[in-house]
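Asker: Listed below, chain by chain, are the residues.
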Amino acid sequence: MPLLSLRRGRRFWLETVEAYVYLLPTLVVLGLFTFYPFVNAFRYSAYDIRTRTVPGPVVHTSPAVDAWVPLLARGRIPEELAAVLASQGAVRDELWVRARQADRWTLKDDASGQEYIVIREGDLLKVHRAATRWALDPVGWQNFTRVFADPDFAKALRNTAVYVGVSVPVTLVLALLLATLLHRALWGKAFFRLTSFLPYITPVVAITMVWAWIYDRDYGLLNYFLRMGASWLGLEFNLINWLNSARYVMPALILMNVWRFVGYQALILLAGMQGIDREHYEAARVDGAGAWAVWRRITVPLLTPQIFFLLIISLIGSFKIFEEVLILLQGPGPEKSGLTIVYYVFTKAFDSGHYGLASAASVVLFAIIFALSLFQLTVVQRRVHYER
Amino acid sequence: MRGRRPKLTGYLLRRAVGLVVVYVLLLGVAVTMALPFLWMVTTSLKDTYQALRLPPQWIPRPAHWENYPAAWNAAPFGIYFWNSFFLAVTTTVGDVVTSIPAAYALAKMTFLGRGVLLGLLLGTLMIPGQMLLVPSFVLIKRLGWYNTYWALIIPWTAGVFGIFLLRQFFKTVPDELWDSARIDGCSRLRYMFQIAVPLIRPGIATVALFKFVGSWNAFLWVMIMTDKVELRTIPVGLRYFIQDIGTDYPRLMAAATMAIVPVLILFFFAQKQFVQGIARTGIK
Numbered sequence: 000m001p002l003l004s005l006r007r008g009r010r011f012w013l014e015t016v017e018a019y020v021y022l023l024p025t026l027v028v029l030g031l032f033t034f035y036p037f038v039n040a041f042r043y044s045a046y047d048i049r050t051r052t053v054p055g056p057v058v059h060t061s062p063a064v065d066a067w068v069p070l071l072a073r074g075r076i077p078e079e080l081a082a083v084l085a086s087q088g089a090v091r092d093e094l095w096v097r098a099r100q101a102d103r104w105t106l107k108d109d110a111s112g113q114e115y116i117v118i119r120e121g122d123l124l125k126v127h128r129a130a131t132r133w134a135l136d137p138v139g140w141q142n143f144t145r146v147f148a149d150p151d152f153a154k155a156l157r158n159t160a161v162y163v164g165v166s167v168p169v170t171l172v173l174a175l176l177l178a179t180l181l182h183r184a185l186w187g188k189a190f191f192r193l194t195s196f197l198p199y200i201t202p203v204v205a206i207t208m209v210w211a212w213i214y215d216r217d218y219g220l221l222n223y224f225l226r227m228g229a230s231w232l233g234l235e236f237n238l239i240n241w242l243n244s245a246r247y248v249m250p251a252l253i254l255m256n257v258w259r260f261v262g263y264q265a266l267i268l269l270a271g272m273q274g275i276d277r278e279h280y281e282a283a284r285v286d287g288a289g290a291w292a293v294w295r296r297i298t299v300p301l302l303t304p305q306i307f308f309l310l311i312i313s314l315i316g317s318f319k320i321f322e323e324v325l326i327l328l329q330g331p332g333p334e335k336s337g338l339t340i341v342y343y344v345f346t347k348a349f350d351s352g353h354y355g356l357a358s359a360a361s362v363v364l365f366a367i368i369f370a371l372s373l374f375q376l377t378v379v380q381r382r383v384h385y386e387r
Numbered sequence: 000m001r002g003r004r005p006k007l008t009g010y011l012l013r014r015a016v017g018l019v020v021v022y023v024l025l026l027g028v029a030v031t032m033a034l035p036f037l038w039m040v041t042t043s044l045k046d047t048y049q050a051l052r053l054p055p056q057w058i059p060r061p062a063h064w065e066n067y068p069a070a071w072n073a074a075p076f077g078i079y080f081w082n083s084f085f086l087a088v089t090t091t092v093g094d095v096v097t098s099i100p101a102a103y104a105l106a107k108m109t110f111l112g113r114g115v116l117l118g119l120l121l122g123t124l125m126i127p128g129q130m131l132l133v134p135s136f137v138l139i140k141r142l143g144w145y146n147t148y149w150a151l152i153i154p155w156t157a158g159v160f161g162i163f164l165l166r167q168f169f170k171t172v173p174d175e176l177w178d179s180a181r182i183d184g185c186s187r188l189r190y191m192f193q194i195a196v197p198l199i200r201p202g203i204a205t206v207a208l209f210k211f212v213g214s215w216n217a218f219l220w221v222m223i224m225t226d227k228v229e230l231r232t233i234p235v236g237l238r239y240f241i242q243d244i245g246t247d248y249p250r251l252m253a254a255a256t257m258a259i260v261p262v263l264i265l266f267f268f269a270q271k272q273f274v275q276g277i278a279r280t281g282i283k
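Residue numbers (numbering that gives the first Met the number 0), protein chains in the order written: chain A, 0 to 387; chain B, 0 to 283.
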């Protein structure tokens, strides 16, 4: 096979070098903070990863071996040492000896969580401020077997599936209807576009706080309206405890996020509708097609690229639901009814410190998203009309 | 019946009825979209007694403006706002600066591995960001960036969204421009920034806006990579605020309003760019 350089000109190679110079900053950042962590997510899922305490910088050196060692050996902290540590910012009353070895003691300040390590070196005692080091122990598939054996994870999978399975189609159908309405409007389009878009750009945390208040059982807006509607229809209505009953947590999450994303999706679909050639409609009208037939036979099929795009991004996005749960429920919810996959990953990693286990769970999340995306790209995309 | 009536009148009548239905529905949607915001603002101006009264008072009398300074002083919101603003500006500038040359190279230059690179960049869109949390956390710790601005800025100074959007815009710049600039002895870098970039200003504005808002709203990353009050952004600050103050809704809503208003102001001034950005993302 001939060398590439023989077939391509000098200019091509110069341009290649130049192009990579332009791409370098992007590639470095993405490489370090996307690709490398991506590979590591898989690697870590095969390890038991925890932080381990190791000696850090020396904060004090003392020759007082004889006076300190017997006390430390009994789990007591010498006055002088306590004074040294206090000068390092430790709280005296919160100090205790966490681990004892022959010539090495670990002290912990419960107030700050900081640990100190005292090491005997000959006649000297050196006090180190402890540092943490990552310890990686290979465990094979054990993280995965543990994750799959965990009933919490099964619950998280189920909850996430329900959330995605309901919110994705509901949002898309409502967005399609809203886009159709917006498309038919003659004036005030800008105003309606604006109001539809508002929920999407506001910070999740802030708007979720508002919804927590809307969902309040006794004084919230939603129950107020429901009760009003019920009494108007002459029906009985029991106040719904949206955020504190396992039955209503998922509907509450879905309702809020349908509200958040329907306008955004409608705007994307509207842009697609505006791009449809008028000729198609005129041809249909000449043939005497009604509004419904036009919508069903022309608008929707020609919108399939946008619908397909929204399906993929909303599917990926919905699987990642987490912040809403954290703010709305301030936890996993009653009977863990709001526990989602990402919530599971988050608590396993940052509350329990089982980083390997969390990685295994996030690999499962990736596998699900990947399989669904692949399915869409191969099977669903065949039904997309790209020609205009 | 229908056949006997003049055809045009029937058509117009049906159009008119249809239009009324469309507007009634649209108004319903607009109210639904706006209502939570309205509810937030009115609650923020009530005292606790007014807030718990049903039916709700939509225009609170008297209006308790003091909820705002009370909320502001209940937590270091000055720090939170400054951090959010500082991080939004730095990551936006970083993202735009790295995306312009990358997008240009991918749009206008032919080089070895271009197709592979495009596929790779597109592939990153399939990676759920949450999957990277644990490895990123380990990385940030190892780099010694935990509890530093570096951890909050550097990883966000490159983004695939911006590159693809700008690439689309660069593609619309005619090649003849570069040809004639090259004949005049203009370097590619100079051409890129002095001639091509001004031509795609709307695209850059769109990328910058989305990045700015995204950064302003960033929550999870900041919460994980820092645990110092001095580094909290508004969303993270709000989370701790909720934990501190519980269900004092007027003050919570005042804080939420303060977090949302800057985004709204930005949005009102730059609606066109936002809508354009949305329209562009839909078209592949």
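One or more of the hints may lead you astray.
What the hints assert, rightly or not - In silico DSSO-like pairs for lysine-lysine, Cα to Cα no more than 27 angstroms straight-line:
hint, chain 1, residue 1, chain 2, residue 2
1, A, K188, B, K170
2, B, K140, A, K319
3, A, K107, B, K140
4, A, K319, A, K335
5, B, K227, A, K319
6, B, K170, B, K227
7, B, K227, B, K140
8, A, K107, B, K227
9, B, K140, A, K125
10, A, K319, A, K154
11, B, K227, B, K107
12, A, K107, A, K125
13, A, K335, A, K154
What the hints assert, rightly or not - Which bits of chain A does chain B cover? Going by a derived footprint, with three or more residues having C-beta under 8 angstroms, they are:
hint, stretch
14, 69-82
15, 88-102
16, 117-129
17, 143-154
Note that these hints are calculated values from the structure, not bench results.
Computed from a predicted structure; not experimentally measured.
Don't be surprised by glycine CBs; every beta carbon is placed ideally from N, CA and C.
Asker: For a C-alpha distance cap of 27 angstroms, please report whether K107/A and K227/B respect it.
Answerer: Holds, because 20 angstroms separates the two Cα atoms, which is no more than 27 angstroms.
Asker: So is the stretch 143-154 of chain A in contact with chain B by the C-beta rule, three or more residues under 8 angstroms, or is the coverage claim wrong?
Answerer: violated (count 0)
Asker: Hinted pair, alpha-carbon criterion (27 angstroms max): K319/A, K154/A. Please report holds or violated.
Answerer: Distance ~15 angstroms between K319/A and K154/A Cα, so the pair holds.
Asker: Check, residue by residue, whether the stretch 69-82 of chain A contains three or more positions whose beta-carbon lies closer than 8 angstroms to a beta-carbon of chain B, and give the verdict.
Answerer: The restraint on the stretch 69-82 of chain A is violated, since only 0 of its residues have a Cβ under 8 angstroms from chain B and three are required.
Asker: Does K319/A lie within 27 angstroms of K140/B when you go C-alpha to C-alpha?
Answerer: Holds. K140/B to K319/A sits at ~24 angstroms (cutoff 27 angstroms).
Asker: Holds or violated: K107/A and K125/A, Cα atoms, limit 27 angstroms.
Answerer: Within the cut-off at roughly 16 angstroms; holds.
Asker: Has the given pair, K227/B with K140/B, been kept, meaning a C-alpha gap of at most 27 angstroms?
Answerer: Holds, at about 15 angstroms.
Asker: Taken at face value, is the distance from the CA of K319/A to the CA of K227/B at most 27 angstroms?
Answerer: Measuring from Cα to Cα gives roughly 26 angstroms; hence the hint holds.
Asker: Hint check: K335/A vs K154/A, CA-CA at most 27 angstroms. Holds or violated?
Answerer: Holds, because 8 angstroms separates the two Cα atoms, which is no more than 27 angstroms.
Asker: Would the pair K170/B and K227/B pass a check requiring their Cα atoms to be no farther apart than 27 angstroms?
Answerer: 44 angstroms, violated
Asker: Going straight from one Cα to the other, do K227/B and K107/B come out at no more than 27 angstroms?
Answerer: Given that 27 angstroms is the threshold and the Cα spacing comes to 45 angstroms, the pair is violated.
Asker: Just to make sure I understand the rule, a stretch counts as covered if three or more of its residues have a C-beta closer than 8 angstroms to a C-beta of the chain. Does the stretch 117-129 of chain A meet that for chain B?
Answerer: Result for this restraint: violated, n = 0.
Violated hints, listed in ascending order, are 1, 6, 11, 14, 15, 16, 17; each of the other numbered hints is respected by the structure.
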